[in-house]
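Residue numbers (the working numbering), protein chains in the order written: chain A, 1 to 587; chain B, 588 to 757.
Only part of the chain A face toward chain B is listed, based on derived beta-carbon distances under 8 Å: (1) Ser371; (2) Ser384; (3) Asn408.
Derived from the structure by calculation, the hints contain no laboratory data.
Quick reminder that beta carbons are idealized off the backbone N, C-alpha and C, glycines included.
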Amino acid sequence: MKDKSNNKVIILVVCLILICIVAFLGFKTHREVEEIVQEQYSKQQLLLARQAALGIEAFADERVTIIEILARDRSADSITNITRCFKTIYEETSGFYSIEFINASGVVVYGYPEHRAPIGYDLYAANRSDAFDSARDSRKTEISSPTPLFEGGLGSFIWVPVYEDEGDEGENFRGVILAIIQMSTITDRFLEPIMQDKTGYVYMIDHKGKSLYDGARSEVIGKNYIKMLGENQSEWRDIIEKQMNGSEGTAVYHKEGDESGSESEQIVAYAPVRWRDQLWSVAISVPASEVDQLIQSVYTKQMAFSGIVIALILGGSLGLIVMFSRWNKTLEAEVASKTGELIQSNKELALANERLKELDKLKSDFVSMVSHELRTPLAAMRTSAQVLEVADIDTETKKEMLDIILRNIDRLTNLVNDLLDLSRIESGRMELKFERVSLDSVIADSIESVRQTAIEKGIALNIELPKDLAPVKADREKLTQVIINLLNNAVKFTPGGGEISIKASELNGQVEVRVSDTGIGIPPEDLNRVFDRFYQVDSTLTREAGGTGLGLAICKGIIEAHNGEIWAESEPGKGSTFIFTLEKWSD
Amino acid sequence: MKLDDTDRRIVEMLQKDDTLSYGVIAERLGITEREVVERIRRLSDTRTKILIVDDELDTLLPLKRALEMEDFNVIEAQDGVEALEKVRAEIPDLVLLDLMLPKINGFEVCQQLKQDEATSAIPIIMLTAKGETSDKVEGIEIGADDYVTKPFDLAELKARIKAVLRRTAP
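Please model the entire structure based on the sequences and the hints provided.
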């Protein structure tokens with residue numbers, strides 16, 4: 001008992017250790033997976049940001065180049081000719097908000113689309129000539145930081161100076177082509193699609209930290225992030241500052257929860273947009289929970305897969321176990337039943353063997369008995385004959401000897417007849433002539449043949465037959481033989497002063513005949529064997545009553561050939577009753 | 588022929604005084620006069636005495652007649668019990684013993700006679716209708732002096748009887 005409880009504790013401890021190891025490994029693996037997934041995810045976000053940044057660069061640069069080509073190509077043309085191209089450019093290249101021409105004195109003289117052009121607007125008068133001057137003086141394209149448009153939203157102003165080359169006299173400043181690209185055009189095209197149907201948002205700032213686009217909060221567009229951020233958001237501030245420097249990368253910061261105050265981790269991937277002297281930065285900000293969800297979804301799928309696999313394996317195994325155990329049970333049951341059958345058949349074989357041995361013994365006893373029964377009368381006859389041979393014997397002895405010879409001839413004849421009867425019965429060659437037989441006549445005839453012996457022995461003979469006893473279907477001669485045999489037996493085994501009765505009655509459509517005596521009786525174990533040939537011989541040589549021992553065997557054979565039954569009942573010491581049944585005669 | 592004590596005393600008395608009546612002898616010996624008559628008849632019969640034991644009268648009778656013709660004194664018994672009684676009472680010179688006997692079979696009769704000192708010297712010839720060798724061997728083993736199978740030749744039987752008597756004569 002103690003060993004068992006110790007074993008239990010050990011098993012428990014081992015289980016706990018195993019569980020801990022598995023949990024630790026699982027946790028570690030989870031961390032690693034998380035890191036890898038986060039890294040991959042960040043890289044992917046960075047790629048997205050970079051792609052968007054490049055797109056913006058290419059788009060904006062292309063617009064500038066078109067205007068520059070126009071400015072250089074048409075520098076000598078009339079202003080009308082220059083401005084005529086505006087419409088074509090506006091319509092063929094999407095993205096421009098408006099294209100305007102500002103003459104050398106700083107007044108807007110033409111613009112397309114016309115409704116967006118403040119024709120007659122004097123930059124100097126409005127005191128907004130900085131960029132104009134800068135472009136004129138540097139003779140290079142000047143791009144101003146995105147500034148709010150009259151119509152709302154931010155716009156990028158591209159100032160392209162137009163100088164007419166006049167050879168040696170130098171260049172003649174003709175004015176500036178001002179092209180405005182609305183920020184929303186860029187962001188609609190490049191930034192908004194990134195985050196469609198995704199968690200997280202995109203934002204873009206310029207090199208001063210001003211918001212150019214914010215997918216989450218459109219109200220902050222135009223405002224400076226640095227100023228908006230509080231002291232406790234230093235992590236994000238660091239990122240913004242890196243963005244303002246024009247670097248690219250990924251980072252993680254903890255964002256103060258907007259509503260619940262809870263902290264959430266944000267992954268930010270940022271990439272710079274370099275457009276001439278402009279430096280912007282695109283950033284994609286995604287909550288780290290997205291990664292967890294990704295991992296979780298992977299886990300969920302994996303778990304589902306594992307679950308299904310395990311369920312399948314377990315189910316299959318269970319099915320197999322159930323199947324095998326059923327099979328096993330069936331087999332066991334079959335084996336048990338087969339064993340039972342074998343035991344049964346063994347027993348039957350043993351019994352049959354015993355019966356065969358008995359039959360064999362009966363047969364050799366039969367032969368021995370036949371030998372004895374043949375030799376005895378032969379011996380009597382031979383000796384008598386030899387006595388007769390002697391010449392001088394008296395007449396009396398002569399007669400005596402002749403009687404003996406004749407009697408023994410009869411005896412031999414009887415024995416031969418019995419043997420022949422038995423042989424016919426056993427080989428099924430007994431011929432029966434069935435007829436309507438009335439039992440009382442047969443019984444009366446039979447009684448006559450034993451009456452003399454019975455009277456000599458002092459045995460009473462009773463006949464009890466109902467008056468209306470039905471006739472039976474039988475062979476009269478054979479039936480008489482049966483009854484005489486039974487009566488002879490009864491007389492033989494009944495001592496003087498005894499009684500023999502013969503009764504008949506109808507029972508279940510058959511006629512039953514009972515021959516009872518008050519003789520020595522039959523031991524119960526021998527009741528069935530009395531019908532065997534030479535049963536009487538038994539193992540002892542003692543013969544109390546004589547006879548061939550074939551009578552009852554012949555009776556049984558005859559009655560069975562009549563479709564009847566014959567059996568014996570007895571109370572040893574008080575007498576025996578032999579009963580046989582016969583079919584009633586039917587017309 | 589063998590004599591028992593009673594026989595010897597009868598013989599002594601008659602040798603002293605041959606005028607003694609049977610009644611006086613019977614009175615002196617405390618037995619019936621009839622037994623005295625029987626004993627004297629037996630004592631005066633000097634023929635060889637043979638006991639035939641067989642339950643089949645038809646076998647017994649012709650054999651008896653045949654042996655009587657040979658001048659044997661033949662007595663008979665029809666079952667084992669009677670055979671034992673007769674042997675003890677008559678002390679025959681030879682027993683012809685059938686094997687299949689009612690009550691006590693021939694083997695047992697033979698065995699009992701051979702075990703009893705008073706009768707063990709009496710030769711026994713077994714007569715049987717069973718010709719099995721095993722029966723013969725058993726018969727010889729328990730002390731039978733000869734074994735004859737039925738049916739037998741009368742002359743042969745007589746020869747065997749004489750041979751056995753010669754062999755066992757004192």
